[in-house]
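K.L.:
Chain order of the listed sequences is A and B. Just so you know, we're using our numbering here: the first sequence kicks off at 24 and counts up by one. Just so you know, we're using our numbering here: the second sequence kicks off at 16 and counts up by one.
Hints in this document: simulated from the structure, not taken from any laboratory. Note that the structure is a prediction, hence the values are computed from the model and not measured. Be aware that one or more of the hints could be misleading.
Stated by the list, open to error - DSS-like, lysine-lysine: derived pairs with alpha carbons at most 27 Å apart:
{"id": "1", "chain 1": "A", "residue 1": "K96", "chain 2": "B", "residue 2": "K361"}
{"id": "2", "chain 1": "B", "residue 1": "K54", "chain 2": "A", "residue 2": "K132"}
{"id": "3", "chain 1": "B", "residue 1": "K54", "chain 2": "B", "residue 2": "K361"}
{"id": "4", "chain 1": "B", "residue 1": "K361", "chain 2": "A", "residue 2": "K64"}
Here is what each chain is made of, one letter per residue.
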Amino acid sequence: MKAAVLVFPGSNREGDMAQALELVTGRRPSLVWHGDGDFEKVDLIVVPGGFSYGDYLRCGAMAAQSPVMAEVKKRAAQGVPVLGICNGFQIVTEAGLLPGTLMRNSHLKFVCSDVHLKVETSQSLFTNRYQAGQVIKVPVAHAEGNYFADADTMKKLEDRGQIAFRYCAPDGTVDGSGNPNGSSSNIAGVFNETKTVLGLMPHPENAVEPMFGGTDGRGLFEGMVEALS
Amino acid sequence: MTVAQEKNPPVKLPNEPAITPQIVAEHGLAPDEYQRLLKIMGRDPTMVELGIFSAMWSEHCSYKSSKVWLKKLPTKAPWVIQGPGENAGVIDIGDGQAAIFKMESHNHPSYIEPYQGAATGVGGIMRDVFTMGARPVANLNALRFGDPKNARTRHLVSGVVAGIAGYGNCMGIPTVGGETNFHAAYNGNILVNAMTVGVAPVDKIFYAAATGVGNPMVYVGSKTGRDGIHGATMSSTEFNEDSESKRPTVQVGDPFVEKLLLEACLELMATDAIIAIQDMGAAGLTSSSFEMAAKGSLGLVMELDKVPMRETGMNPYELMLSESQERMLMVLKPGREDEARKIFEKWELDFAVIGHLTDTERMVLTWHGDVVGNIPIPPLVTEAPMYERPWTLTQLPAELDSSKVPAPTDWKASLVTLMSCPDLASKAWIWHQYDHLILGNTAIRPQGGDAALVRVPGASKEAGHKGAGHKGLAMTSDCTPRYVQAHPETGGRQAVAEAWRNITAVGARPLAVTDNMNFGNPQKPEIMGQFAGAIMGMAEACSALDFPVVSGNVSLYNETEGRPILPTPTIGAVGVIDDIATSAGSRLVKDGLALVLVGDTKGWLGQSIYLRELHGREEGAPPPVDLAVERRNGDFVRGQIVGRKVEACHDLSDGGLLVALAEMCLSGSTGASIKLPQGIAAPHAYLYGEDQARYLIATDDGGALVEAARKAGVPAVLLGYSGGSAIAVEGLLSVPLQELRDAHEAWLPGYMNSAA
Numbered sequence: 024m025k026a027a028v029l030v031f032p033g034s035n036r037e038g039d040m041a042q043a044l045e046l047v048t049g050r051r052p053s054l055v056w057h058g059d060g061d062f063e064k065v066d067l068i069v070v071p072g073g074f075s076y077g078d079y080l081r082c083g084a085m086a087a088q089s090p091v092m093a094e095v096k097k098r099a100a101q102g103v104p105v106l107g108i109c110n111g112f113q114i115v116t117e118a119g120l121l122p123g124t125l126m127r128n129s130h131l132k133f134v135c136s137d138v139h140l141k142v143e144t145s146q147s148l149f150t151n152r153y154q155a156g157q158v159i160k161v162p163v164a165h166a167e168g169n170y171f172a173d174a175d176t177m178k179k180l181e182d183r184g185q186i187a188f189r190y191c192a193p194d195g196t197v198d199g200s201g202n203p204n205g206s207s208s209n210i211a212g213v214f215n216e217t218k219t220v221l222g223l224m225p226h227p228e229n230a231v232e233p234m235f236g237g238t239d240g241r242g243l244f245e246g247m248v249e250a251l252s
Numbered sequence: 016m017t018v019a020q021e022k023n024p025p026v027k028l029p030n031e032p033a034i035t036p037q038i039v040a041e042h043g044l045a046p047d048e049y050q051r052l053l054k055i056m057g058r059d060p061t062m063v064e065l066g067i068f069s070a071m072w073s074e075h076c077s078y079k080s081s082k083v084w085l086k087k088l089p090t091k092a093p094w095v096i097q098g099p100g101e102n103a104g105v106i107d108i109g110d111g112q113a114a115i116f117k118m119e120s121h122n123h124p125s126y127i128e129p130y131q132g133a134a135t136g137v138g139g140i141m142r143d144v145f146t147m148g149a150r151p152v153a154n155l156n157a158l159r160f161g162d163p164k165n166a167r168t169r170h171l172v173s174g175v176v177a178g179i180a181g182y183g184n185c186m187g188i189p190t191v192g193g194e195t196n197f198h199a200a201y202n203g204n205i206l207v208n209a210m211t212v213g214v215a216p217v218d219k220i221f222y223a224a225a226t227g228v229g230n231p232m233v234y235v236g237s238k239t240g241r242d243g244i245h246g247a248t249m250s251s252t253e254f255n256e257d258s259e260s261k262r263p264t265v266q267v268g269d270p271f272v273e274k275l276l277l278e279a280c281l282e283l284m285a286t287d288a289i290i291a292i293q294d295m296g297a298a299g300l301t302s303s304s305f306e307m308a309a310k311g312s313l314g315l316v317m318e319l320d321k322v323p324m325r326e327t328g329m330n331p332y333e334l335m336l337s338e339s340q341e342r343m344l345m346v347l348k349p350g351r352e353d354e355a356r357k358i359f360e361k362w363e364l365d366f367a368v369i370g371h372l373t374d375t376e377r378m379v380l381t382w383h384g385d386v387v388g389n390i391p392i393p394p395l396v397t398e399a400p401m402y403e404r405p406w407t408l409t410q411l412p413a414e415l416d417s418s419k420v421p422a423p424t425d426w427k428a429s430l431v432t433l434m435s436c437p438d439l440a441s442k443a444w445i446w447h448q449y450d451h452l453i454l455g456n457t458a459i460r461p462q463g464g465d466a467a468l469v470r471v472p473g474a475s476k477e478a479g480h481k482g483a484g485h486k487g488l489a490m491t492s493d494c495t496p497r498y499v500q501a502h503p504e505t506g507g508r509q510a511v512a513e514a515w516r517n518i519t520a521v522g523a524r525p526l527a528v529t530d531n532m533n534f535g536n537p538q539k540p541e542i543m544g545q546f547a548g549a550i551m552g553m554a555e556a557c558s559a560l561d562f563p564v565v566s567g568n569v570s571l572y573n574e575t576e577g578r579p580i581l582p583t584p585t586i587g588a589v590g591v592i593d594d595i596a597t598s599a600g601s602r603l604v605k606d607g608l609a610l611v612l613v614g615d616t617k618g619w620l621g622q623s624i625y626l627r628e629l630h631g632r633e634e635g636a637p638p639p640v641d642l643a644v645e646r647r648n649g650d651f652v653r654g655q656i657v658g659r660k661v662e663a664c665h666d667l668s669d670g671g672l673l674v675a676l677a678e679m680c681l682s683g684s685t686g687a688s689i690k691l692p693q694g695i696a697a698p699h700a701y702l703y704g705e706d707q708a709r710y711l712i713a714t715d716d717g718g719a720l721v722e723a724a725r726k727a728g729v730p731a732v733l734l735g736y737s738g739g740s741a742i743a744v745e746g747l748l749s750v751p752l753q754e755l756r757d758a759h760e761a762w763l764p765g766y767m768n769s770a771a
């Protein structure tokens, strides 16, 4: 699997992502600069976490207008898988690749913590290594992760099975206790309609090694390798 | 003193005021210091020259009151590559790698404007580290706030924490550890001490000394604005009720720009174009340019009109004294300007050649072709005022007879009270706002062990790491100000010993120290005596533990309306472990582990948290620190940890044995039952006393550990076992973990969310 990780001014988890991809897939991804609208053909495009353009204007808003994102939109339309994490999730929603928006956390503070996620479906190229209903532990680190969409969109997301992960308690109960940011319906990650684009706030790339945050995030990378190699 | 002949006396700018005694005083220069200036200059200074002397001779930049004492600290060891005097200290951590680190205060700005003050403190210390070629791998911070009941405290906690988070998180450097205390002595003067640790190859370390007459002087980073003018001078005076009007002297940070600056600098550093580099911190362009020229014994011509400016109408005085953030000054090899410019333009940063090196040893400043300042560099540095201020040592208070301190009337309530008091309550509300996981290298997180433990990037076996697994850097920050207040020598010794112990308690070898000396007004003999005493104690401990000081920072005049802070020599420390798999955290995660107390317990209640929180008394002598015992016990514990005999380990500090046990139980969600040894006369002194050089260890084989300790001549006693859902001490108390957790975790969020 050949992957590209985008780099914007202010990206800061591109290294974590590259490290995780290399560890699990055995292949170092290429890093693609934000001004590069014409990067090599890849099997997977990752929009990593960070503070692209300093989060100025609105998280992800400026990155969504960059040359590289114009190309990402084109390729996503052709079915090239896109994974957006944290600021990457904010960027792909700003770019219109995913519905909804990420608002300021309900408690108004940055939060870095392990959270539990309930995997909603194993029927995607991203989640095929997990079981539906499985609970995994991965960290979050963000100030704007409060997912919101209007009622119609929420209904469509539910009906079409576009919800990838929900925040939950350690035992899998989906309620307020496991929700770190006030997200609607505890949503941690969503797919596009074809499930070729996934955006999520948590950082599976920081949960791939036993001594450094555990290994619950590995499944996502292993699943992609299986689907895309 | 010889002053090189002045060929170009400066011109006065239009509207430039005449120098009056009042203007001199406003610049923080004492009359005799001004006389010294006149002697060096041989004429009246211009305003920009006066401003430069004022900044360079401020306490903050010149260390004029502290230098004679700082020289007493041990700074050498075979693994020390660079001691104090550069932007940060450098130590060899093996495999061709160096750890570069320093701690620095941003106390005064953080009190005036907590968010920006703390944020730029973090930004400044990170710049100190990456200026030397290191990529930062971790941040820590030590915070001291006033009494929670003080009206301003909540606002300060909220702003400082958000500022640290805002800057560090955006930079993408994990904030992995630190400490937070509260005491009324900080009501009018909080402490914000920030530490950064970075890693660089030993053969790619960058220094400030300029070389090569004619070489270009280059300015990179943000544009210069009017923020922070006279920050260094402001930080060198006491506060009074007008302090809030000093808000414009606080710098404003932009972590996004600093992230770009970090990447651009490291990219340029990967080439060989840089001769010398220095960040612009306190006193901005003034101190950076003087430092580079002075260290290289050269002169400098700076064309100030070429400095990138954020605002119109700025003048040379403002440009030289601005403390705008995210700026660097460097000397490039001739002909490499275009290559460097391309890198900075790619990162959308300013890049300007603003001058060149000369052989005159003079700083010549020009403004649109006219000379506006011309200062001989060596005398400004060598003739800087240095004071041996009068000092009076604090006498050691009488030892408190622990048997006369009442036992708790309600044992269970005593533990709940201690675990929920401001100093011991969970600080999760704070560290959850810091990204402590970014970079994917954090092995021991906040509340996971006595020191933070971070994997060293680039130290894999493939890269030549000689150890078996992942090499790690352990780091901590420590000081017990109430001990220092009671007896500075003991307190200084204890701060160093506790830092050493915390590094040891995760299994790492303690290597070196950075010190952040926060004290009151040095012109008062008793304050200078606190400083002197603390240094004596620290020096003794650093020597005995082979734990040299490699960098540091002094913050004096931490007083408001004449009331000083508790003397606070914060110790930041770094250690190394060859294989993170052999480290130990402090979380008790398994039932049936033997709990062994290592070290001697007399039950020292003088200056203890128990005495303060349960009896409202801050009395007695602090616990004595026997450095030979410290070393013997610590070396034993470290050996057991890396020999994989230890499941969890926690040093005993504030609150003593029972608080340490409670912390291990809560962080690992496992209960424990212990029984006191036979013949303990005062159980409360045994359980809450703060005797030093002690560790609580959880191990699979308690008998073997006690026997190994006996052979090593180290006191050790098996107290009980982990398990269950309560903390129980036979015959005294049993507290359900959940009840203790609720109290421990509720205090800080409850306080922060309550109405003022």
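K.L.:
Against this structure, judge whether each hint is valid.
P.N.:
Now the hints, each set against the structure:
Restraint check for K96 (chain A) and K361 (chain B): satisfied, since their Cα atoms lie roughly 24 Å apart, inside the 27 Å limit. Annotation: proposed proximity of K54 (chain B) to K132 (chain A) is violated, straight-line Cα distance about 55 Å (limit 27 Å). About 47 Å separates the Cα atoms of K54 (chain B) and K361 (chain B), which puts this hinted pair outside 27 Å; it is violated. At roughly 24 Å between alpha-carbon atoms, K361 (chain B) and K64 (chain A) fall within 27 Å of each other, so this suggested pair holds.
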